[in-house]
Amino acid sequence: MMTVPAVVTAVAGALARLAYRVVKERAEIRRAEVAQQGLSERVRSLPPGSRLSERSADREVEILIGDFAGHGGER
18 MMTVPAVVTA VAGALARLAY RVVKERAEIR RAEVAQQGLS ERVRSLPPGS RLSERSADRE
78 VEILIGDFAG HGGER
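Here this note's numbering is used: the first residue of the sequence shown is 18, the next is one more, and so on.
Where hints are given, some of them may not hold.
[To be verified] Here are the in silico distance ranges between beta carbons for each label pair:
(1) G30 with S70: 44 to 50 Å
(2) V21 with V51: 42 to 48 Å
(3) A33 with S62: 41 to 47 Å
(4) I46 with V25: 28 to 34 Å
(5) T26 with E77: 44 to 50 Å
(6) R38 with A74: 19 to 25 Å
(7) P65 with R34: 46 to 52 Å
(8) E79 with R43: 26 to 32 Å
(9) R72 with L35: 31 to 37 Å
Calculated directly from the structure, the hints in this document are not laboratory data. Using N, Cα and C, we set each Cβ at its ideal position, and we do this for glycine too.
Please put together the full structure from these sequences, using the hints given.
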């Protein structure tokens with residue numbers, strides 16, 4: 018039969034693991050937000066007709082800046 022200190026230790030360990038997961042996931046979300054914000058700021062600084070390509074380990078982004086309706090037909 019488990020003693021009270023063993024049960025308390027097991028519960029504390031489970032809560033610590035849960036708290037670690039929550040903090041880790043929130044940090045990942047914040048990192049993604051900061052990366053997106055940086056990309057948005059770079060896009061805003063480019064003139065129409067520019068192309069922005071960015072690659073990282075987990076994603077590849079290519080953005081065309083400006084009005085391209087005249088390049089390839091009207092929509």
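> Tell me, which hint numbers fail for this structure?
Replying inline: Of the numbered hints given earlier, the structure breaks none, since each of them holds.
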